[in-house]
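Undergrad: Sequence:
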Amino acid sequence: MNKKHIDINSDLGEGIGFDHLLMPLISSCSIACGGHFGNENTIKETVRLAQEHGVKVGAHPSFPDRDNFGRKVLTLTKQELKNAVYEQLMSFYAVCEKEKEPVHHIKLHGALYNYAAKDAPTADAVVEAIIATKVRPKLYVAYGSVLHRKAENLLPLVFEAFIDRAYNDDLSLADRTVEGAIITSPNAAWNQFYQMIEKGTINTISSLEKSIRAHTFCMHGDTKNAVVILNFLHRKMKEHGIILE
Numbered sequence: 000m001n002k003k004h005i006d007i008n009s010d011l012g013e014g015i016g017f018d019h020l021l022m023p024l025i026s027s028c029s030i031a032c033g034g035h036f037g038n039e040n041t042i043k044e045t046v047r048l049a050q051e052h053g054v055k056v057g058a059h060p061s062f063p064d065r066d067n068f069g070r071k072v073l074t075l076t077k078q079e080l081k082n083a084v085y086e087q088l089m090s091f092y093a094v095c096e097k098e099k100e101p102v103h104h105i106k107l108h109g110a111l112y113n114y115a116a117k118d119a120p121t122a123d124a125v126v127e128a129i130i131a132t133k134v135r136p137k138l139y140v141a142y143g144s145v146l147h148r149k150a151e152n153l154l155p156l157v158f159e160a161f162i163d164r165a166y167n168d169d170l171s172l173a174d175r176t177v178e179g180a181i182i183t184s185p186n187a188a189w190n191q192f193y194q195m196i197e198k199g200t201i202n203t204i205s206s207l208e209k210s211i212r213a214h215t216f217c218m219h220g221d222t223k224n225a226v227v228i229l230n231f232l233h234r235k236m237k238e239h240g241i242i243l244e
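Using numbering that gives the first Met the number 0, the first residue of the sequence shown is number 0, and each one after it goes up by one.
Among these hints, one or two may not hold up.
Across the chosen pairs, the derived CB separations fall in these ranges [as the list claims (entries may be wrong)]: (1) 52 / 73: 32 to 42 Å; (2) 89 / 206: 38 to 48 Å; (3) 73 / 169: 19 to 29 Å; (4) 133 / 79: 16 to 26 Å.
Hint data in this document are derived by calculation from the structure and do not stem from the laboratory. No experiment lies behind these values; they were computed from the predicted model shown. Every residue, glycine too, gets a C-beta built ideally from N, C-alpha and C.
Input sequences plus hints: build the corresponding full structure.
TA: Pasting the structure below:
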């Protein structure tokens with residue numbers, strides 16, 4: 000059996016309450032750093048938990064919008080967004096430096112992730128903010144997105160896909176309000192995950208089969224059944240020679 004090595008990431012430090020159950024089941028985590036949730040203490044706690052389990056840590060910046068948990072597009076100038084992302088990253092980096100933990104990656108959160116995937120000025124603001132920090136961690140991005148094109152040749156990229164989210168035909172994520180947009184069935188999550196790894200394709204919400212390219216796969220920490228789904232995935236991964244790296 001050919002072994003396949005992949006990364007499973009999860010968005011943590013968001014006050015969900017079961018990070019300690021998720022952390023042993025993943026290989027990288029993206030930690031809220033103040034935009035939609037989090038402060039110095041929650042970042043520190045999550046970094047330390049990741050260290051206990053040998054999990055790589057990354058920053059999870061968002062629109063500065065705690066009221067909507069970063070899931071609403073804010074109307075900001077490019078400079079305002081650049082400043083907001085820069086401040087979140089610097090707060091995260093400061094904690095990691097104190098904890099002697101290398102920053103592995105950056106992954107945008109919620110509405111900022113989705114909007115930077117299609118809006119050039121938003122993607123530019125994000126890339127400029129990252130470069131301004133003078134730190135060059137990997138950037139988790141959707142393959143073929145605007146952010147991918149803007150960051151290419153400037154930052155090291157890792158292409159990401161989602162275990163627990165349905166996709167539109169253009170490979171954007173289906174809106175959370177759409178029925179079936181969030182996958183909570185362990186079997187359905189496994190089928191999507193395995194198809195992406197084995198075939199490099201995904202079935203969209205309208206049943207089209209589309210090519211997708213990814214090396215890291217996200218399981219949202221706040222998805223219902225997240226722990227159950229990940230435990231189920233681990234059992235199936237063992238059967239199919241898929242290894243976390």
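Undergrad: Can the suggested window of 19 to 29 Å be confirmed for the beta-carbon pair residue 73 and residue 169?
TA: Hint holds: Cβ distance 23 Å, inside 19 to 29 Å.
Undergrad: Holds or violated: the 38 to 48 Å window for the beta-carbon distance between residue 89 and residue 206?
TA: Given about 44 Å between the Cβ atoms, the range holds.
Undergrad: Holds or violated: the 16 to 26 Å window for the beta-carbon distance between residue 133 and residue 79?
TA: holds (21 Å)
Undergrad: Within 32 to 42 Å: is that where the Cβ-Cβ distance between residue 52 and residue 73 falls?
TA: holds (34 Å)
When held up to the earlier numbered hints, the structure conflicts with none and fits them all.
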